[in-house]
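Each protein sequence line maps, in turn, to chains R and D. With the first letter of the first sequence counted as 1, position 9 gets the number 9 in the working numbering; the numbers rise by one all the way through. With the first letter of the second sequence counted as 1, position 122 gets the number 122 in the working numbering; the numbers rise by one all the way through.
Don't read these hints as lab results, they were simulated from the structure. Note that this is a predicted model, so its numbers are computed, not measured. Beta carbons: idealized from backbone N, C-alpha and C, even for Gly. There's no promise every hint is true.
[Claimed, not checked] 27 angstroms max Cα-Cα, derived BS3-like pairs, lysine-lysine:
| hint | chain 1 | residue 1 | chain 2 | residue 2 |
| --- | --- | --- | --- | --- |
| 1 | D | K55 | D | K197 |
| 2 | R | K70 | D | K83 |
| 3 | D | K55 | D | K112 |
| 4 | D | K156 | D | K168 |
| 5 | D | K55 | D | K83 |
| 6 | D | K120 | R | K54 |
| 7 | D | K160 | R | K73 |
| 8 | D | K112 | D | K83 |
| 9 | R | K70 | D | K156 |
| 10 | D | K83 | R | K68 |
| 11 | D | K55 | D | K86 |
| 12 | D | K86 | R | K70 |
| 13 | D | K100 | D | K86 |
| 14 | D | K83 | R | K54 |
| 15 | D | K86 | R | K54 |
| 16 | R | K68 | R | K54 |
| 17 | D | K103 | D | K83 |
| 18 | D | K103 | D | K117 |
| 19 | D | K168 | R | K68 |
| 20 | D | K112 | D | K164 |
| 21 | D | K193 | D | K83 |
| 22 | D | K117 | D | K168 |
| 23 | D | K193 | D | K55 |
| 24 | D | K86 | D | K156 |
| 25 | D | K117 | R | K54 |
| 26 | D | K193 | D | K103 |
| 27 | D | K164 | R | K68 |
| 28 | D | K83 | D | K156 |
| 29 | D | K21 | D | K86 |
| 30 | D | K168 | D | K120 |
| 31 | D | K168 | D | K55 |
| 32 | R | K68 | D | K160 |
| 33 | D | K168 | R | K70 |
| 34 | D | K100 | D | K193 |
| 35 | D | K160 | D | K86 |
| 36 | D | K164 | D | K197 |
[Claimed, not checked] Where chain D lies over chain R, by a calculated footprint (3+ residues, C-beta under 8 angstroms):
| hint | segment |
| --- | --- |
| 37 | 59 to 65 |
| 38 | 70 to 84 |
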Amino acid sequence: MNVRAIWSYYIDINIVNLVFSIFIMYLLDNRYWGIFMFCTLGIFVGRYAFRYFKNNEYNLYFNLGFSKLKLLKIVWILNLMVAIPLLVIALAI
Amino acid sequence: MALTSLSAKKRILENIAFEVKTGDILGIFGRNGSGKSTLLKMMFGSLPANHIQIKYNSEIIDAHEIIPRQLIGYLPQDSFLPKGTKVRDIIPLFCDDEEKQNKVFYAPGVSKFDHTKIGKLSMGQLRYLETLLVGSLDHPFIMLDEPFSMLEPLYKELLKELLKNLSKTKGIIVTDHYYRDVLDITQSNFLLKNGQKIEISEPLDLINNGYITSH
Chain R
1 MNVRAIWSYY
11 IDINIVNLVF
21 SIFIMYLLDN
31 RYWGIFMFCT
41 LGIFVGRYAF
51 RYFKNNEYNL
61 YFNLGFSKLK
71 LLKIVWILNL
81 MVAIPLLVIA
91 LAI
Chain D
1 MALTSLSAKK
11 RILENIAFEV
21 KTGDILGIFG
31 RNGSGKSTLL
41 KMMFGSLPAN
51 HIQIKYNSEI
61 IDAHEIIPRQ
71 LIGYLPQDSF
81 LPKGTKVRDI
91 IPLFCDDEEK
101 QNKVFYAPGV
111 SKFDHTKIGK
121 LSMGQLRYLE
131 TLLVGSLDHP
141 FIMLDEPFSM
151 LEPLYKELLK
161 ELLKNLSKTK
171 GIIVTDHYYR
181 DVLDITQSNF
191 LLKNGQKIEI
201 SEPLDLINNG
211 YITSH
């Protein structure tokens with residue numbers, strides 16, 4: 001598994017995702033919604049932004065053996081791994 | 001690897017069949033819009049085709065398997081490297097071990113720009129680097145869409161030498177309007193015209209089929 005490549009894609013997707021999720025969190029005044037968005041709709045918003053601004057960079061990942069679906073699954077699993085502990089902390093506070 | 005019976009959604013291409021073996025460099029010519037890039041994208045699996053059959057060592061492969069199985073490396077027409085990243089940080093993405101990284105780092109001409117960001121490279125430097133990186137992959141085949149585009153003469157010669165060396169261990173498909181450069185390195189060629197494949201054995205065939213007016 002090419003960790004460097006995954007990290008590069010993960011950061012690109014989640015910069016937009018994070019902005020979107022924080023915006024939703026403040027809009028609804030609910031931190032749980034922010035965490036929920038981070039591992040659901042926010043990923044698709046980030047993916048849409050990547051496709052809009054950096055579509056040709058997908059060829060980099062294709063060459064390294066990552067299909068779009070595989071990249072999406074990886075980002076989703078990693079975000080779940082971040083979101084679940086965050087949710088536990090949010091519930092505990 | 002063999003490709004048989006292929007048609008695109010808009011019927012850009014129909015019944016194109018060819019074979020590429022390790023050691024081969026195949027040239028594909030065609031006017032703008034003739035379907036060269038479409039053909040490569042369909043083979044790579046990044047563009048759906050109505051029907052495509054790819055054989056790899058007698059095994060029929062679905063085009064969607066090409067990327068996960070890392071069978072074909074692909075140099076697209078437009079740059080695909082992240083512009084804000086330095087050249088020296090991109091190389092390890094493609095080459096996991098140090099020996100391979102050094103081959104790219106110490107390839108002729110690369111040391112001149114290895115500290116430069118991708119977005120600051122000249123078009124020629126970028127094209128040369130991208131071809132080097134795609135060539136450094138372990139994939140048994142590579143497809144290059146306009147690798148000679150915007151290259152200065154010095155880099156063209158380096159690229160030709162690189163492709164000849166790569167062909168010892170890979171099968172290569174090249175498509176480019178710089179037909180002289182392509183003809184210099186290929187063993188077989190064809191022209192795409194009106195969705196059909198026309199064999200090209202000498203530059204005169206390109207004139208006779210209306211791709212160029214004179215050699």
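Against the 27 angstroms threshold, does the CA-CA distance of K55 (chain D) and K86 (chain D) hold or violate the hint? violated, 38 angstroms
Has the given pair, K70 (chain R) with K83 (chain D), been kept, meaning a C-alpha gap of at most 27 angstroms? holds, 23 angstroms
Starting from K168 (chain D), check that the Cα of K70 (chain R) is at most 27 angstroms away, please. With a Cα-Cα distance of about 32 angstroms, the restraint between K168 (chain D) and K70 (chain R) is violated, given a limit of 27 angstroms.
Tell me whether the statement that chain D covers the segment 70 to 84 of chain R is true, taking a Cβ distance below 8 angstroms and needing three residues at minimum. Violated: only 1 residues of the segment 70 to 84 of chain R have a Cβ under 8 angstroms from chain D.
Tell me if the straight-line CA distance from K86 (chain D) to K54 (chain R) falls inside 27 angstroms. OK: K86 (chain D) and K54 (chain R) at ~17 angstroms, within 27 angstroms.
Hinted pair, alpha-carbon criterion (27 angstroms max): K70 (chain R), K156 (chain D). Please report holds or violated. violated, 36 angstroms
Are the Cα positions of K68 (chain R) and K54 (chain R) separated by 27 angstroms at most? holds, 13 angstroms
Decide if the proposed pair is consistent with the structure: K193 (chain D) and K55 (chain D), CA atoms, cutoff 27 angstroms inclusive. OK: K193 (chain D) and K55 (chain D) at ~24 angstroms, within 27 angstroms.
Does K117 (chain D) lie within 27 angstroms of K103 (chain D) when you go C-alpha to C-alpha? holds, 20 angstroms
Hinted pair, alpha-carbon criterion (27 angstroms max): K86 (chain D), K156 (chain D). Please report holds or violated. OK: K86 (chain D) and K156 (chain D) at ~23 angstroms, within 27 angstroms.
Pair hint K55 (chain D) and K197 (chain D), alpha-carbon separation not exceeding 27 angstroms: holds, 19 angstroms
Quickly compare the C-alpha distance for K156 (chain D) and K168 (chain D) to 27 angstroms and report which way the hint goes. Roughly 19 angstroms separates the two Cα atoms, so the pair holds.
Of the numbered hints stated above, those contradicted by the structure are hints 3, 5, 7, 9, 11, 19, 21, 22, 26, 27, 29, 30, 32, 33, 34 and 38, listed in ascending order.
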